[in-house]
Structures are given as C-alpha cells and as structure tokens.
Amino acid sequence: MSSDRRDSLLDADWSTAWDTLPEAPALVPRPKTAQITLRVPASLLARIKTVAAARSLPYHALARSWLVDGLRNVREPEPAGVASDEPQAEQLNIKLDQEVLDHLKVRANELRRPYHRLAREWIETALGREEESLGIDASPRRPPIKDLMVLLLHTPGKDGTAVRGTTRLQKLLFVIEQKLAAESTSFYAFNYGPFNEEVNDAAHALRLAGFLSGAEPTGAGPPSFAEMMATAVERSGPRDEVDVEEYALNERGHAAAERLRQSSHAYEQLYAYVRSLREEWDTPDLIDRVYETYPKYTERSLIRHKVTKRLDSRRSHDL
Amino acid sequence: MNRTPLHHMVRIRRTDDLTFVRAGIMDEIIVNANQLENSPDSTATALRQTTLPFTVDPVLYRFQLPQWWRNEKGKSKRNYARLGAAYVKDTNIQITAGPLVETVPNDDEWCILAANVLGYQRSRLLQMPTQLDLLNEDHGRELHPVRLVAPALVAVSATEDRINRLLVEASAGAAAAPIAVPMIVPLDRLQDARERDRVLATVPTDGISSYFLWTPGVTEELLLSDREIFDAVLCLIGTLADRGIPVGHLHGNYVIAALHDLGVSAVVHHLGWIDKGEPVEQQRGGLRSCQTYVPGVRHCVRFEQANSLGRTLDADAYAERYCECAFCAGSFSAGEHPLDLLLEDQYVPFEDGRGRRTPTGRAVALNTWHYLLSRRLEMQAFSNLPAVDVIDRDMERAAALAGSRDTSRLRRLATQLHSA
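Each protein sequence line maps, in turn, to chains A and B.
Under the working numbering, the residue at position 83 of the first sequence is numbered 83, and the numbers go up by one with no gaps.
Add 319 to a position in the second sequence, counting from 1, and you land on the number used in the working numbering.
Here chain A stands alone, though its shape is the one from the complex (with noise of 0.2 Å):
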C-alpha cells in the first residue's frame, strides 16, 4: 500500500461505516437457556404453589410465564406486598431463554432497578391478580396448629419445655387459639371439654416427622427389625404399663421451631405471645380454669360435674 493510499485511510471518517457493520461474534458461544434464582418470603413460595395447584400447572412454568408476561406489559409491577417484611428464605429457580434474561436486564436498567427484584415484583403482581381471579383469599390467616403446637413446645414451661398429657397439649393449645382468633376457631365441645383433632394429627405429624422425643424420621427404604420394634416401643403393652403421653421437642424440633420463630416478625411476635400465655395457663389447674372460663366448650363434658365439684370446693375454700 502506498503511503498516499495509506493516509487517506487513517484520515477518513469511518463513523457511519462503523455503525452498520454488524455484531462480532462472542468469542465463547452463549447458551440458549439460562436460569435466574430469586430470593423469595416462604409465604410466597407456598400462594404461588396454591395457585399452581388450583391451575393444575407446575409452580416454576408458571412463574416464568408471570415473568414473561411481565416483559410483555409495559407497566411498571406494583410495589412489593404483604411479604416484604419476611425475610427471603426460599429460592425460586426460574429457567428463561437467554432472550428473555437479556430483556428482563433491559427492562430493569431502564426502571433503574435490581432485575431480580424487578422479576420478583412481576411474580408477585400476576399472583395477586390470579388469586383474586380464582378467589383464594391470601390474607394472613389464623396459624396453624402444627406451627402453634411447636412454638408451644419451643416455649419453657415450669418443668422444662414438655407437655405432660394429650389433655393438657388440647387445653394449653385451645387458650392459645382462643385468645388469637376466638371467631375462628376449630375447637369444639366434647367428652373432656374443648376438644380439636387437628391436636391429635399435628402431635402425629410431627412424630412421623422426627421433631419429637423418642421418633425418628422415617427411614426411606425397608424397616430394619430395631425401626419396628421401635414403633411397638411407642405404643402400649399389658394396661397397668399405661403412661402420660409426654409431647416434648428433640434437637431436631427445637431447631425446626427456632428457624420458625426467627422466619418473619410476625412469627417472633408469635412466639413471645404463645411463651406468655404458657406462663400464664400452664399450671396445675389449666382444666379448671378452662372450665370456668369457657364454659361452652364443656357443655358436653363427661368430668364437668366432678370439675364443678372441685371448683365450687375451691370458692368455699377461698371464702
């Protein structure tokens, strides 16, 4: 090349060309799908899974087409919602086009936003409206009473954090709900006063789950003889061996209950109100108390009179 030739080059103005070349090739090929994973409350996880559920459709397609429907509109999501106290404990996995992330990061820059909290508000923006469309009612609803029964049990008593006796599990668990959500409760009058089977399945639940004393979580494959005979170990031999059922929490419990209490505010607030009602009631006339404070539940009651009895001796005694 002439060095003519070769000055006019260098000195021409190459801007316009430069912009219609197209793109070099990535050195490394990008791949087709990408993943992204969101941080989530575990109260979202668990509406977006009852939705999926109601829809019949994976909970992690359905994410992705909230997703992608969000990339589509352009309206900005609304503003993080009921969760957005609770800390992000869940991991919610999301496989995208490659296409569809690059966009996704796109959009964030241009709304100056995180683009994991950008996907995150979508996610829960398309959740608020199919729960309205399929009328499920996300409202904080009153605890259930497996996760009661563990804070419970998670709480010091006087003699340690056990609850000696099914009756008493029922009764400590019935002032509690009652004095959360008296209108709503799921106790009703029976033999023994306040009774809720839902007690009994929770205490099951968390015996087959390995929280409480003396159980293991179950085995995945065949039993060994040791894992049956532990099963008839729990169980009653001739009647004059009957005991107390005692509900305590082993290490595992105690763990499960802590990680509970410290998921969100309102669960550490949980706590503090269930451990102070347990100051309160847990004493050796919890029964009678609760005869005498709620005398509906024990209408049907096969022990009121003896209750009564014992009561009205108690006022005399008192006089």
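Some hints here could point you the wrong way.
Chain B regions said to be covered by chain A (calculated; three or more residues, Cβ under 8 Å) [as the list claims (entries may be wrong)]:
no.: 1; segment: 331–341
no.: 2; segment: 347–359
no.: 3; segment: 364–376
no.: 4; segment: 443–450
no.: 5; segment: 680–693
Hints are computed from structural coordinates only; laboratory data are not their basis.
C-beta: ideal position from N, C-alpha, C; glycine also.
Given the coordinates of chain A, assemble chain B onto it according to the supplied hints.
This is chain B only, laid out in the frame that chain A set:
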C-alpha cells in the same frame, strides 16, 4: 420368560396405618379420602417422607347409604361432613341428608360432583404445607397423586350402573388424562350371570387407564369354598383384562394374588389381617380379636393355635414352615422368639363384669409389620413364579406346619386355577 410383576398397593384406612408406610415393602399407597380428611397433616407428612407413589381413593360409595358413613349414634362423622362438603362444592346437593342417589337432583350435578372429586384428589394434599413445613430442609416432594380415580357407587342396580357410567365419563373429561375406574359389584349381582353382564356392559373403555374390582362381602373362605363365586370373580377379571386394560383388586388377598396369571395386575390390601370380606360400610372400632396371620398356612389363626403351631420351632424350622419375614428373622437374631412378641395379649374387663382378652398395643404394631412383610413376600412370589408353582410350594409348607386341613384348602385353590 419375563413375567410382569404384580403391583402391590397398601390401603391407608386410619392414622395408625401411616407408621407402616415404607418404600421397599410396597409399591404404592392408596389413601382413603375419609382418612385423608380425618388426619390430613400426618397423612401429608407420611407421604412426603417416602418416595412411594400414592393414590387417593375417593370412597364416594360411603355416601350411598346413611348407615355407611354415620356413627353408631346416627350422626355424620366430622371427617365425612368435611369430605362431603368438598365433593358438593358449587352444587345444590345436600350430601349428608340421605342416600346419595336421592340427594343428587340431576345428571349435571352428578357431573359437577365427579369433577369436584377429581379436583379433591389433585389438590387436597397440596394445601397442607404450613410455614414450618416450608422452612424444613427435608420438606420433600410436592404431593401429586400418581393416578386419578373416578368416583363410583356400589352397583346395586341398573340405576347405579347408569350413574357410574356418567361419573366415569365426566371424570375422564375433567381429568383430561386416562383415569382409574373402580367397579364395585355386590354379592347378589356377582352370582347372577346376566346381572354380571349388565354391570360389565355399562363400564366404558375409553379414557380408562385401569379397572379396580371389588366384591364386598366375599371372604377368602367364600372364594375357596364356593366354586360359583370363584368363577364369577374370575369371569369379571377375565372380561375386563381382555379389553387390554390392567385390572387391579381393591381388597385383595392371597387367592386374588394367585389370579395374577389370569388377569390381576395389582392387588390392594389394608393392614388388617382378619378377613371380613371387606364390607362397604365404615368399620367400627372395638377391641381387637386375638388372631395373627400365619404365612405357613396363608390365613390367620387364633393366638393359642399359632402358639401350638410355631412356638416350639427353632429359627430355621420357623423360617422354613411358619414365616420367613424380616420381622420374625430379626426377632430370632435378637434372641427372642417372634411369637413371644406377636402373641402378647391382655385381659380387658367390661363395666358389666364380663371381659375379654385382646392383643396389646405393641403386639398389634408388630403383627402389622409381620402381616405386611408376609403379604409382600406373597406378592413377590406370584410375581416371580406361576401361581400353581407357588401354591404347590405353599401346600408342602402347610403340610409340614399344620397337616391336612390347610393343605386341602390350598389344594382347592390349585384345582380351581388348573381348571380355570
């Protein structure tokens, strides 16, 4: 030659049964919907702890007559009331007001009912996780049933046949996938060839993945002693299997498992070892009878008889003649005779001064393991060998353990199978 395995399904009827749900000793779990409503949390927990597939039996037939779902005081049990409410959502049906066929006003409502029953199977267990479950690292799988079961009534007459067909067709439409269809044939129609044909004619084939037969009231003894009934059951199984759709039995036993080569693909059994022919109505509680399952003779016997048959046997003779299950073998290894554990009982006095003996709670638990493991071995035997070979082997064992009576019982079955 490769043989198709016999699918072994265990029915969960009560909360106590959940303790025995373990992979490796069953292929699938079938949960009664009334039990699921009775203890949803522990049922969900037990299912999450295993990798076993599961199915929910909708037990719609329980609503067919009030005495089948009400308690001894004539009141609707709370779990049935909840189940019924879920089934009749968005309809005008008062499900616990009387016999079901009288409370459903028209075909449209039957179709909504069918769709609701399918929706219940799909979603009931998905509603269960609490915050505690979701935070648990071992939370496990989401609970989706492996198959959807069409609701069905006991086929008492042509009226129920027509409704059953309607329910199957509505369920297949609502499921948008092949469904399992129960066929519940009462004894009087089972024994009548024309009635059998009528029932069969109303059971559709389109959109069906499997049939599940059940003949309430037909005990194993009845099957073995009444050739007509045996042939009738065989006829139903054969006719359904000839349609190229797998056939299971909802309340199977040793004799039903022996029909594997003649068309039975799956056997469901519950964890109670006393054969009552599985009546339709909800079984009442009460003291258990002192009986135990003896695999050596393939039926259950009273404690005293079991004691005289097996207590003097050493580990090898016991395994050869009485039982070879993992519980009994483990018991010998631990230095204890299994019958000392299995036959533990106690005297329970009644208020009227009388009383009776009943197994202790722990003996019930151990008998349940022993029964379940023994049934598993039977299923495996019928999966691996032709039924006649299994029965021949069992006859030899029964003769060594108990002599001629039990041998002749098994010989009757072999003869019936040979001539089938």
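Now for the hints, and whether the structure bears them out:
1. 331–341: Three-residue rule met by the segment 331–341 of chain B, so holds; n is 6.
2. 347–359: Check passed, 3 qualifying residues.
3. 364–376: Since three or more residues must qualify, the claim that chain A covers the segment 364–376 of chain B holds, with 5 doing so at under 8 Å.
4. 443–450: Holds, because 5 residues of the segment 443–450 of chain B bring their Cβ atoms closer than 8 Å to Cβ atoms of chain A.
5. 680–693: Coverage by chain A holds for the segment 680–693 of chain B (7 residues, Cβ < 8 Å).
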